[in-house]
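With our numbering applied, the sequence shown closes on residue 230, and no number is skipped along the way.
Just so you know, these hints were derived from the structure itself, not from any lab.
One or more of the hints may lead you astray.
[Claimed, not checked] Derived DEER-like restraints, expressed as beta-carbon distance ranges:
{"#": "1", "residue 1": "P122", "residue 2": "L39", "range": "48 to 58 Å"}
{"#": "2", "residue 1": "L36", "residue 2": "A74", "range": "14 to 24 Å"}
{"#": "3", "residue 1": "L82", "residue 2": "A126", "range": "24 to 34 Å"}
{"#": "4", "residue 1": "R188", "residue 2": "G228", "range": "35 to 45 Å"}
{"#": "5", "residue 1": "L121", "residue 2": "Q172", "range": "50 to 60 Å"}
{"#": "6", "residue 1": "W106", "residue 2": "D57", "range": "33 to 43 Å"}
{"#": "7", "residue 1": "E177", "residue 2": "L46", "range": "53 to 63 Å"}
From the three backbone atoms N, C-alpha and C, an ideal C-beta is built for every residue, glycine too.
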Amino acid sequence: MAAPMLDTYREVVTPEGVPLQLPAAGPMPRALAWLIDLAVRFGALTALSIPLALLDEFGRGLYMALMFLLMWAYPIVCEALWGRTLGKRVLGLRVLAQDGAPVGWMASITRNLLRTVDMLPFGYALGLISSLFDPHGRRLGDLVAGTMVVHAPPHYLPPPATIDSALAPPQPLRPEEQAAVMAFAERAPRLSPARQQELAGIAEPLTSASGQVGVLRLYAMANWLLGRR
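Please construct the entire structure, taking both the sequences and the accompanying hints into account.
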């Protein structure tokens, strides 16, 4: 039986033609980020409540206004300006548009206002059900706003691996097959080992190998096709 595909990755192509691998975040890291943000907001409100209590009615009114800003404006502004709240930053998450572009103001407002729907009937039940059934872990607010939460890519990408050996394909390859092998060799070093082996498994009839051996054989065949012999 074939191994399941790593379908938590969403591949999008930018207007410049650059393919991006977006590793979607599941319900658990998103829930932890939300709890961190909740603790930050309640901590700020608790700290502000002491001096505001000295201002009587004006202080209570100011406290209610700050509560509204922290509960609703805080995630909207943080996501629209920086793509993440403090909780998402701690967990290494980022909100993006579904095409990989930065999330805009309207999308941020929409996804956060629809939390009131995702919370129904209690405890984010609708949002959890939606994220479990969606292949990219999106809650209802994300589906309507056209956004998704992903694990932020590292700032440093390793250089492409250099494989010295060259291996002739065991059979003649059509032009599109040659292009696929060379595209794999170009992009695979920026993917996780599991993703590399998954993609190499598709070409197992060509390489007659699986796992890391299949990955190395594809690299070697790409070298042969590029004339590095």
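So, going through the hints one by one against the coordinates:
1. At roughly 20 Å, the beta-carbon separation of P122 and L39 lies outside the given 48 to 58 Å, and the hint is violated.
2. Take L36 and A74: their Cβ atoms lie about 19 Å apart, and the range 14 to 24 Å holds.
3. A hinted range of 24 to 34 Å for the beta carbons of L82 and A126 is consistent with their spacing of about 30 Å.
4. Taking 35 to 45 Å as the suggested C-beta distance range, the pair R188 and G228 does not conform, at roughly 20 Å.
5. Separated by about 57 Å at the C-beta atoms, L121 and Q172 satisfy the suggested range of 50 to 60 Å.
6. Taking the beta carbon of each, W106 and D57 are about 36 Å apart, inside 33 to 43 Å as hinted.
7. The hinted range of 53 to 63 Å is satisfied by E177 and L46, whose Cβ atoms lie roughly 59 Å apart.
The structure fails to meet hints 1 and 4 from the earlier list, while all remaining hints are met.
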